[in-house]
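Asks: The listed protein sequences correspond, in order, to chains A and B. Residues in the first sequence are numbered consecutively from 1, following my numbering. Residues in the second sequence are numbered consecutively from 1001, following my numbering.
Derived by calculation from the structure, the hints in this document are not laboratory data. The C-beta atom is built at its ideal place from N, Cα and C for all residues, glycine as well. Keep in mind that the hints are not guaranteed to be accurate.
[To be verified] Think about it this way: if two alpha-carbon atoms lie no more than 25 Å apart in a straight line, the pair counts; the simulated SDA-like pairs of lysine to any residue are:
no. : chain 1 : residue 1 : chain 2 : residue 2
1   : A       : K120      : B       : V1196
2   : A       : K366      : B       : L1299
3   : A       : K366      : B       : R1220
4   : A       : K366      : B       : P1300
5   : A       : K400      : B       : G1030
6   : A       : K400      : B       : S1223
7   : A       : K366      : B       : V1250
8   : A       : K280      : B       : S1223
9   : A       : K400      : A       : A208
10  : A       : K400      : B       : P1235
11  : A       : K400      : B       : L1299
12  : A       : K400      : B       : V1245
13  : A       : K400      : B       : P1300
14  : A       : K400      : B       : T1061
15  : A       : K400      : B       : L1243
16  : A       : K366      : B       : G1242
17  : A       : K366      : B       : P1235
18  : A       : K366      : B       : W1292
19  : A       : K400      : B       : H1221
20  : A       : K400      : B       : T1281
21  : A       : K400      : B       : N1330
22  : A       : K400      : A       : L346
23  : A       : K400      : B       : F1224
24  : A       : K366      : B       : N1297
25  : A       : K400      : B       : P1244
26  : A       : K400      : B       : G1091
[Stated by the list, open to error] Derived CB-CB ranges, DEER-like:
no. : chain 1 : residue 1 : chain 2 : residue 2 : range
27  : B       : G1147     : A       : A254      : 48 to 56 Å
28  : A       : P249      : B       : A1093     : 53 to 61 Å
29  : A       : H398      : B       : V1206     : 47 to 55 Å
30  : A       : Q138      : B       : S1179     : 52 to 60 Å
31  : A       : P314      : B       : L1195     : 26 to 34 Å
32  : A       : E326      : B       : E1171     : 50 to 58 Å
33  : A       : Q177      : B       : A1151     : 32 to 40 Å
[What the hints assert, rightly or not] So these bits of chain B aren't anywhere near chain A, every CB distance computed over 10 Å:
no. : residue
34  : A1183
35  : A1188
36  : A1238
37  : G1242
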Amino acid sequence: MTLTDPRTGAKTDIPLLAVRGLTRRFGEVLANDAVDFDVRPGEVHALVGENGAGKSTLLKLVYGVHRPDSGDISVEGSPVTVGSPAQARSLGIGMVFQDLRLVPALSVTENIALAVRGVKARMIADAAAEHGLAVDPQARVSHLSIGERQRAEILKVLMTGSRIVILDEPTSVLAPQEVTALFAVVERLRATGYGVVIVTHKLNEVRAIADRVTVLRGGRVILGGVDPGNYTDAELVEAMVGRAVPSLPSERPAPPDGAAAVLALRGVSAYGESGVIRLKDVTLEVRPGELVGVAGVAGSGQRELCEVACGLRPASSGVVTVAGVEVTGPRQALAGGVCDVPEDPLADAVVPGLTIVEHMALGLPKVPRRRANVDWADVRRITTELEERVGLQMAAGHRKVAELSGGNVQRVMLTRALGRGDSVLVVAAYPSRGLDIATTRRTQELLLERRAAGAAVLVVSEDLDELISISDRIAVMHDGHLAGIVPARGADRQEIGSLMLGGAR
Amino acid sequence: MTTQLTPDRVASPLLAPKSGFGPALARWVGALAGAIAIFSILLLTKGADPIATLVDMVVSTTTGASIEQIVIKAAPLVLAAMAVVLPARAGLANVGGEGQVIIGAVAGAGVGLVVSGPAALPLMLIGGALGGALWAGLAVALRVTVGVNEAVTTLLLNYVALDVMLYLIYEPWKDANGSGQPATPPLAIEQRLPLVGGTAVHMGIVLALVAAAAVWLTLRHTSFGFRLSVVGGNPEAARRAGLPVARLLVTAMLLGGALAGLAGVIHLAGIEFKLRPGLTTNIGYIAFLAAWLARHNPLPAVAAAFMLAAITVGGDSLQLDSGLPAATVNVLMALILLAVLGWTAKRSTS
Ligand SMILES: Nc1ncnc2c1ncn2[C@@H]1O[C@H](COP(=O)(O)OP(=O)(O)O)[C@@H](O)[C@H]1O
Ligand SMILES: [Mg+2]
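Same shape as in the complex, but just chain B (with noise of 0.2 Å):
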């Protein structure tokens, strides 16, 4: 018996995974195993002893402080996971997660610097979505207009953002009080978000994820979310239909870009306090990993989200408790990124 794969096993269940739980479970298991196994050869080259390495990193995470370090971390990758979901939905690619936070963070920092009082906190949220959106907005309003591909124009936006950050905290905005280094001036207290209860983590986390719950509300049980299934998959259909296809992938972009917007801010008042170079620690880029690992699911990538962030502060531990470099751990994103696309890709029939 040959194991050639048969018209008839194509159609199989192995292929066109159900998507039910336990399935689901079985291919995460599996594809986090796979990548952990060469996680581990990985660490062997580098005479480090994987199974104490693993075991370090995994106890590491799960002490108190750590647990926080990963609630703290995950909160803007869960909002600007969403930034990728919600888009997604309505079959746009929205790869300037990065760009957005930036901007998110800029925009709140702006606000910040001008308004002070109760009144500012709020108003720097307000401003980080809106400046998220105003990124996002660049990139729909192309595609819309002349057709420009959205996954290349945000992604390019990223590179513009970025400068844009860079000019203002080395010229307009930079702190005159700081010891010279590139920062706009720490925001004030009442400018930052309060903490959850004695923890050392910010509200940020409770936005998050009531936007995260938001977003699967929207995309489940609204119109708005049928629309932009509808539109994401079938744009013929849906014009058809008499809907109106580029209001909703406009919508559907600034709502992204808008979530991306509040992570930068969150991000900022949370924990940073100042603009810096190196602010978002690649949120945006890790949150479209999370989002493509739950396949654009909602409460999937929330998971996803807190996942990567407990390897990121685990990658924290392995440098210090290995001397390995912590973007040793970038490797083993990539590499569960790989195994879940790789081994679980849905082939769907068409």
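Same shape as in the complex, but just chain A (with noise of 0.2 Å):
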């Protein structure tokens, strides 16, 4: 492979980064186990494995967070001791965290300027403009999406001079739209000759964007910097996960037939959060014991329709019902036995400073009260409960919600919002975002536990193979318009498509 360097313009064939033998024990844990990995200038090099593989450790080694126990670490050929991350940017070496440590109460500029001295504004408007980062530099980084904290640290990395860029689960705290507009940013890197490292669990993402890509499972490589177009997915995940997932049973008991919808909307619109309409003229049922899957471009109306089934945004026209109850708002959703996987649990359900117990008092039809107060000895119980039933192996119910991962959040949300035995409708934005492999199984089973147990069920996601997979139906969202319902089985992904970009069917 030859490509440009982007510093000198001369052609190279030299890895920007390539580590060989890396070991790393935490205690008891093999983290790292020989691991050899290496980033070409101008590719895409996507790290992919289940929770714990060692992904997050391998490139802190290569950051300098933590230091090799053997092993060895070079940039552009020459050997190199990576003691610390100020060292690694000296070498060319910039990484945006899973958790984004940008300081709240700065600006932009202020939090860059901490990285690189004397920068200014202007500068940072030219760099995002020249890599195509929206990035407003005045802007206070508490003020941010998360998406838009991204970028800001993107640009960071890439002013503190750095060629080799990783990126640590970019995707799993992200929005659809924003993992669009993310994976442009790194087409643009690729193209100007940066090495990027990219970790995520979608196979989709690494079949978007990576040139090649290198497995870990329990600290050791599994498949090393290969091309993800010679293998199946079958494959990659048997790579990761250790043991082939089998695909989910096709055979499924259908819906019973003729019973009354338990969702229903007739002729429903409803405004978007920026006042125009987004949601339009939708009339769509879901019966108890259908899954409903939701298709369509990121930003289609998708969010504003799971918000009015769950009676979080009012219908500026037509009526929304379950079963057969008119919606009329959150508490009485939620009394009714509506449960919601958020589609931005950031912006929308995680409460800072709140433990994940607490967390769960609020998924909670009716709160158990223990004299004035909220029985936390029996939400604890409750909780141990639903993370048996569901079996996500969720955080330690002390940890604060706001600190977790992407992933860590969303077994959370799935905990909460799958775990009730009662529930008549669930509505999943995205429910796999951040989760690997063997979760997103674990999860997909749950949506259809829930299903098989008589409630009604409505799951957005971009991922039409699952969609196909899990729903009984597919419904296929175009600018706020139902473009069509196509039944799941035998489904024609280029008659997907088409209905998502509009075409007719």
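Reconstruct the complex from the two isolated chains, following the hints.
Replies: So this is what it looks like as structure tokens:
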């Protein structure tokens, strides 16, 4: 592979970064076991593996957060030791952590100035334009969305002169539109000769963006820097999980015929956040024991659809009913057995400072009371119960949700929404965001379990394969309209794709 | 090795302080020492001997009489600090303590004008609390109906409250038998707060400490307190969990106003006995400071209220001993605020 070095403009074959035999132990855990890995200029190298596979550890070794027990790191062919992140940056290695690390009270410019001395807002604006990163340099970080914060961090990394850009699970906290925007930035970095390392759990993201992929499992390299095009999804999954993950049983009892719809929208329109109509005259029914998938280009009204179903957004016209009762608000919906997995948990469901157990209390239709107080002992008991029933391995109950990684936040949201045994309607937006393959599978099983128990289930996903494998019918949204509904069995991807883009059936 | 702040150090314990007692104490001591150092420089430039002055201040605040003064000053401060702390839990900025204190005193005095006998004092206290609640209620009503920021409205209402009081004491409620001073007639003996056994301290401090304990208990150990912290932490999450967000905001603010109103009545019935211009001596603002110093935690806010009360009393002695204006201590208070807020600012990693 011959590409242009961004600094010298010379053609080069030498990897920007290469590690050989990197080993690192944390107590009993062998987090990295003789790992080989390299990144060339002008390539995107995906690093994949289940939670705990050692991906973050490898990246932190490269970035000087941890020291390897043994093994070598070289940058552009010269052996180096990376003793600290500052040193890593001086070697041209930059990293965006899974948990973003900007100082919220400072502006973007001030944050970047912490790493790049004497930087001015003007220079930041120029660099932002150059790399296609939409960031307002004057904005205070605490006022930015997660996607904007991430762009600010990437900008900071680029402005420190890094040519190796490491992104640890950047998509697990992003809304789907933001993923598209991020990938556009990554494409640009590749085209200008940067070496990009990106961690993800989503094979479709690997296929969309990566030139090569390395699979880690239990700290060891299972597939080292291979072309993902040479492997099927099943092969990659097996490499990651260590066993074949059988596809979901395709034979499922059909939803009972003729039962009255649980969720019914009749001619429903609704305004979006910005005050423009985002849901347009949608008529849709979900029956008990039925799972309806919602497909569509991000931002086609999926969010508004979920919100009207949960009573979170009033319909500007039309009627929304759940089990025959008109939906009037979130409290009534919750009491009526509606559970939702929010599209943007950090913005809409996570309360800074509160623990997992406290967040569980918020999802209960009736919070147990003991005299004037919440009966926390009972909430803890319920949390354990939900956790056991759901089996998604949440972090410990006393942990603060806002401090968890994206995938762990998602487990909390899922446990809360899917653990309830008496739900009549489950509305799940992008349920498998940030989850590894095995957990994603468990989540899909849980959605199907709710369906089998007679609940109506509405699932929004950007992953068509996921929708086809779990849905009974797929509703396709385009520009706020319901462009069509097709049976999932034997669904034609081309047809769905053209409906998504507004084509006729 | 450069000392630039790297991303990794941003996440270090230094900038994201643990809430443990040791580090908190260290931050406070550091901040106070810094403030006192700058204050000493100011004293030097004024020609005063800083060490002697500071020693004087400390000594003069530890005599028996000064301690009584401090407790008397602290009583309304504690209540008015709770008036900031409680709404803050729901994310509301109550900058209107001063106005709510004034209206509380006005309402108490109003009740005192018409009710006498043993029922007077309890009714005055209730009236004062209701008055403060009404004043805060105006601001929160605007917040939940038309979305006006309560920090602005509560602040503006402070000036309105002062005008209301001045109008009353210059016109309808003016003491006809007074020496022509704008003031209401003094409260009757049974309308005044009794003293705590054999001291000059009135019962207001007991009321204040009980109220502070109640606020602590409410915020920490009740379901209402939990709901307030959800609303304060993420209102959208609260709404989605089906919490009645507007009602919680209104309740928190009304309770806050009532506490400030109570501060006004105990100040009136405990030591002032009549409404007069300059009645409140900035109780509301100093209490706001105390609440901020304590980062809106009730028990530290009590401690901060006592500390600020001590500084005020120290300021009075400063004036007597060194001839510096009593307002000099306002500088010290401001410095402490800046130091504590600046050096211990919580850089949470939201
Ligand atoms: N600082 C640490 N101390 C102790 N154990 C750690 C530490 N960092 C990671 N580990 C352990 O190392 C293993 C790999 O973790 P990590 O690299 O974070 O995985 P991944 O990023 O692939 O999910 C896990 O078992 C994890 O618990
Ligand atoms: Mg990781």
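Asks: Which hints, by number, does the structure contradict?
Replies: Violated hints: 1, 2, 4, 5, 8, 9, 14, 18, 20, 21, 24, 29, 31, 36 and 37; rest satisfied.
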